[in-house]
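Chemist: Fit chains H and G to the given chain E structure using the hints.
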Amino acid sequence: MAIITLTTDFGEKDYFAGAVKGAIYSELPEVKIVDISHSISPFNIPEAAYIIRNAYSSFPKGTIHIIGIDSELNPENKHIAVKLDDHYFICANNGIMSMICQEIAPEKIVEINIHDKIESSFPVLDVFVKVACHVARGGTLEVIGKVINHIKPIINIIPQVNYDNTQIIGNVIYIDNYGNVVSNIKQKFFTEVQKGRGYTIHARNHKFNIIYKKYSDIVNFEIPEERRQDEGRGLVVFNASRYLEIAIFKSNGNTVGSASTLMGLKPMDTVTVNFID
Amino acid sequence: MAIITLTTDFGEKDYFAGAVKGAIYSELPEVKIVDISHSISPFNIPEAAYIIRNAYSSFPKGTIHIIGIDSELNPENKHIAVKLDDHYFICANNGIMSMICQEIAPEKIVEINIHDKIESSFPVLDVFVKVACHVARGGTLEVIGKVINHIKPIINIIPQVNYDNTQIIGNVIYIDNYGNVVSNIKQKFFTEVQKGRGYTIHARNHKFNIIYKKYSDIVNFEIPEERRQDEGRGLVVFNASRYLEIAIFKSNGNTVGSASTLMGLKPMDTVTVNFID
Amino acid sequence: MAIITLTTDFGEKDYFAGAVKGAIYSELPEVKIVDISHSISPFNIPEAAYIIRNAYSSFPKGTIHIIGIDSELNPENKHIAVKLDDHYFICANNGIMSMICQEIAPEKIVEINIHDKIESSFPVLDVFVKVACHVARGGTLEVIGKVINHIKPIINIIPQVNYDNTQIIGNVIYIDNYGNVVSNIKQKFFTEVQKGRGYTIHARNHKFNIIYKKYSDIVNFEIPEERRQDEGRGLVVFNASRYLEIAIFKSNGNTVGSASTLMGLKPMDTVTVNFID
Numbered sequence: 003m004a005i006i007t008l009t010t011d012f013g014e015k016d017y018f019a020g021a022v023k024g025a026i027y028s029e030l031p032e033v034k035i036v037d038i039s040h041s042i043s044p045f046n047i048p049e050a051a052y053i054i055r056n057a058y059s060s061f062p063k064g065t066i067h068i069i070g071i072d073s074e075l076n077p078e079n080k081h082i083a084v085k086l087d088d089h090y091f092i093c094a095n096n097g098i099m100s101m102i103c104q105e106i107a108p109e110k111i112v113e114i115n116i117h118d119k120i121e122s123s124f125p126v127l128d129v130f131v132k133v134a135c136h137v138a139r140g141g142t143l144e145v146i147g148k149v150i151n152h153i154k155p156i157i158n159i160i161p162q163v164n165y166d167n168t169q170i171i172g173n174v175i176y177i178d179n180y181g182n183v184v185s186n187i188k189q190k191f192f193t194e195v196q197k198g199r200g201y202t203i204h205a206r207n208h209k210f211n212i213i214y215k216k217y218s219d220i221v222n223f224e225i226p227e228e229r230r231q232d233e234g235r236g237l238v239v240f241n242a243s244r245y246l247e248i249a250i251f252k253s254n255g256n257t258v259g260s261a262s263t264l265m266g267l268k269p270m271d272t273v274t275v276n277f278i279d
Numbered sequence: 003m004a005i006i007t008l009t010t011d012f013g014e015k016d017y018f019a020g021a022v023k024g025a026i027y028s029e030l031p032e033v034k035i036v037d038i039s040h041s042i043s044p045f046n047i048p049e050a051a052y053i054i055r056n057a058y059s060s061f062p063k064g065t066i067h068i069i070g071i072d073s074e075l076n077p078e079n080k081h082i083a084v085k086l087d088d089h090y091f092i093c094a095n096n097g098i099m100s101m102i103c104q105e106i107a108p109e110k111i112v113e114i115n116i117h118d119k120i121e122s123s124f125p126v127l128d129v130f131v132k133v134a135c136h137v138a139r140g141g142t143l144e145v146i147g148k149v150i151n152h153i154k155p156i157i158n159i160i161p162q163v164n165y166d167n168t169q170i171i172g173n174v175i176y177i178d179n180y181g182n183v184v185s186n187i188k189q190k191f192f193t194e195v196q197k198g199r200g201y202t203i204h205a206r207n208h209k210f211n212i213i214y215k216k217y218s219d220i221v222n223f224e225i226p227e228e229r230r231q232d233e234g235r236g237l238v239v240f241n242a243s244r245y246l247e248i249a250i251f252k253s254n255g256n257t258v259g260s261a262s263t264l265m266g267l268k269p270m271d272t273v274t275v276n277f278i279d
Numbered sequence: 003m004a005i006i007t008l009t010t011d012f013g014e015k016d017y018f019a020g021a022v023k024g025a026i027y028s029e030l031p032e033v034k035i036v037d038i039s040h041s042i043s044p045f046n047i048p049e050a051a052y053i054i055r056n057a058y059s060s061f062p063k064g065t066i067h068i069i070g071i072d073s074e075l076n077p078e079n080k081h082i083a084v085k086l087d088d089h090y091f092i093c094a095n096n097g098i099m100s101m102i103c104q105e106i107a108p109e110k111i112v113e114i115n116i117h118d119k120i121e122s123s124f125p126v127l128d129v130f131v132k133v134a135c136h137v138a139r140g141g142t143l144e145v146i147g148k149v150i151n152h153i154k155p156i157i158n159i160i161p162q163v164n165y166d167n168t169q170i171i172g173n174v175i176y177i178d179n180y181g182n183v184v185s186n187i188k189q190k191f192f193t194e195v196q197k198g199r200g201y202t203i204h205a206r207n208h209k210f211n212i213i214y215k216k217y218s219d220i221v222n223f224e225i226p227e228e229r230r231q232d233e234g235r236g237l238v239v240f241n242a243s244r245y246l247e248i249a250i251f252k253s254n255g256n257t258v259g260s261a262s263t264l265m266g267l268k269p270m271d272t273v274t275v276n277f278i279d
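Chains as they are written, first to last, in our numbering: chain E, 3 to 279; chain H, 3 to 279; chain G, 3 to 279.
Derived by calculation from the structure, the hints in this document are not laboratory data. Cβ coordinates follow ideal geometry from the N, Cα and C atoms, glycine included. Among the clues, some could well be false.
Unchecked claim - Here are the simulated distance ranges between beta carbons:
#1 Pro155/E x Lys197/H: 47 to 55 angstroms
#2 Thr202/E x Glu78/G: 25 to 33 angstroms
#3 Asn207/H x Thr263/E: 32 to 40 angstroms
#4 Lys63/G x Thr193/H: 53 to 61 angstroms
#5 Arg230/H x Val145/E: 34 to 42 angstroms
#6 Gln162/H x Glu78/E: 36 to 44 angstroms
#7 Phe223/G x Arg229/E: 56 to 64 angstroms
The following block holds chain E by itself, in its conformation from the complex:
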């Protein structure tokens, strides 16, 4: 039996996520439901796009992903179901899918049209659950929607390169639980533009010359532990999802501080890479 995942901005407190799970089990007692996150910032589409893009591919092929962000149906916000990379995604056509679709071409996109039978002020519960259970039972997307070819884009997910290829201009797209600052500059893209050159990375007034492979590479283990002062130092890594990330070693927003708080970096801020011949 299939897995249905949930990614929403419902928060940890409200009854919404609980009600959605109850509705799914009422239709399909044997399905597995997995929470990816209910703590997306309210209406924050780039954040949701980053999280679902990095979580989905760990799940088995055939998994169905419900994304409940800004999902109220209106003339400019239709509901879609997407088949891509042998996974299914059910969400509003508000830009959430554009980060994944930019990297992997979708096999099929339908605009959901079962709404004439469902008048709802809670579309995740009343519409997305029905679509997810339909797919979990082996139903095709054409039965619940009409095929479309384009989805709504979101801005700032692709970094820019200047005219003579000496600079990448990227943006902060996500601040993680450790306060680390994730840019939209992927390792593959960086390497293609770099062509072996040296580089400096700039974010506000901070400057870095090394990209580490992992966080603790900043530590010199030949110095005795009691004389080291690495906790709280800034560094750059390609993170577990292969995005360029500005981090603080063993950061903690409540104690030593985090990259976001210490360096004053927030979503949409510019991160620049200058290449040196």
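Modeler: Chains H and G in isolation, oriented as in the chain E frame:
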């Protein structure tokens, strides 16, 4: 096999919820456990009542709901198990069940009396789990308690109507994850008192003349998107649970603000509806 | 089929926990995954040790516990798998297991050595999941690591007794969801040192002479409810895990305040017990 849900004020960090799930699986390896919420404000009974009332009915008949709020056994706080609407609820007799029981008559209420065998400082783990597993195995309530006829009420769950039916005086009962402000005025009750008259809704110094069907009804889609200024505007809707709610369109407490923060509204504040002939 | 639990500092928002669950279900569709906590404070090893120690034993024998705190592999932070009390624990050798191992001798400890095949910046996903699934399938620890005899200790988990046995000097090890302050003084240890003597408990400038059996024992139920003033009063109990805890009756950090906020107590602060002949 039955579903057991958990609604508590244990928070997301502590070991309490994990231990309870471990204990349930130790007794019943095949049961499904669903978290409704562990983020109820500590000891906040009206909040728990609102959440369980709106979540439970999405689950299949026969589901068993453990509610772990203010559950320490003492002479004034007994444990009860309630069968209602073909669902089972296990909680302290502290008012949590009164919101549901006011709308649907319980089939059976028992005061749990297996405590002489269990001395506990963690009754959800030691008592509620045992009762839930007993019910999940098909056991009857009479085996674990003695039948009673009344439960403890909570105040302020019912709005008042003035002597000449020109005014409803309600209260804020819940602030949701989006900072939206939920009153205790249900759509059905509103319509019965309204009898087709016009109305104004007052909360502190804020005034509204329209109740929308959904949040985005505030948007005039004929105005081009770049010229609209709807985000952050206040509005009133009947929410997904059919309660009158004061909301901010696309609210976010950390950016544009929320109804609660912008209008200074908090639980127990008065929400008034004045009808106009 | 076995249960795999997760205890991490990933937080509620990030994709990390979701990705880990997806990876487990991809390997073992029939396993049960239970979240113990993802809200450990970042890199807070004593907190993680307290939570896993109190949660694990409610689970059935054979359960596999993944602990994802400070788990990046480096020369001083190896990965281990421990069999203890018929449970399995997979974590970094950073002190997390020392609280449990101090009370119950481990049956077997191995240092995981499958890393030459796995280069990873997300070891919980890439290494711990593989080890957990190996164990869930009935595999032995020797296959994935080499047996070792010692693990790294953490400090301040054991309270001290002065030279003439008149004083226990303990520390705050945890602040729970209610703001209650948990010390490292266990009831059994207290009773052994006490030998029936009277006592006073000191924390900062606060002093207590009674240890209650449960929180509501502070209430005198003979006084009518409307005249009582117990909410917000400080008290000491042995908590559900049998640790000496300084609490506030019906505390709530956002309203009446909590023991931590009202008394200014935080992790590592001293809690002293003076015995009186």
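Chemist: Take the C-beta atom of Pro155/E and the C-beta atom of Lys197/H, compute their distance, and say whether it sits inside 47 to 55 angstroms.
Modeler: 49 angstroms, holds
Chemist: Given the hint of 34 to 42 angstroms, check if Arg230/H and Val145/E actually sit that far apart at their C-beta atoms.
Modeler: Between Arg230/H and Val145/E, where Cβ atoms are some 35 angstroms apart, the hint holds.
Chemist: Please check whether Asn207/H and Thr263/E have a Cβ separation lying inside 32 to 40 angstroms.
Modeler: Given about 36 angstroms between the Cβ atoms, the range holds.
Chemist: Tell me if the beta carbons of Thr202/E and Glu78/G are separated by a distance inside 25 to 33 angstroms.
Modeler: 30 angstroms Cβ-Cβ, so the 25 to 33 angstroms window holds.
Chemist: Against the range 56 to 64 angstroms, how does the distance between the Cβ atoms of Phe223/G and Arg229/E compare: consistent or not?
Modeler: 59 angstroms, holds
Chemist: CB of Lys63/G to CB of Thr193/H, is that within 53 to 61 angstroms?
Modeler: For Lys63/G and Thr193/H the Cβ distance comes to about 57 angstroms; the hint holds.
Chemist: Just tell me: holds or violated, for the beta carbon distance of Gln162/H and Glu78/E against 36 to 44 angstroms?
Modeler: 41 angstroms, holds
When the structure is compared with the earlier hints, no violation turns up for any of them.
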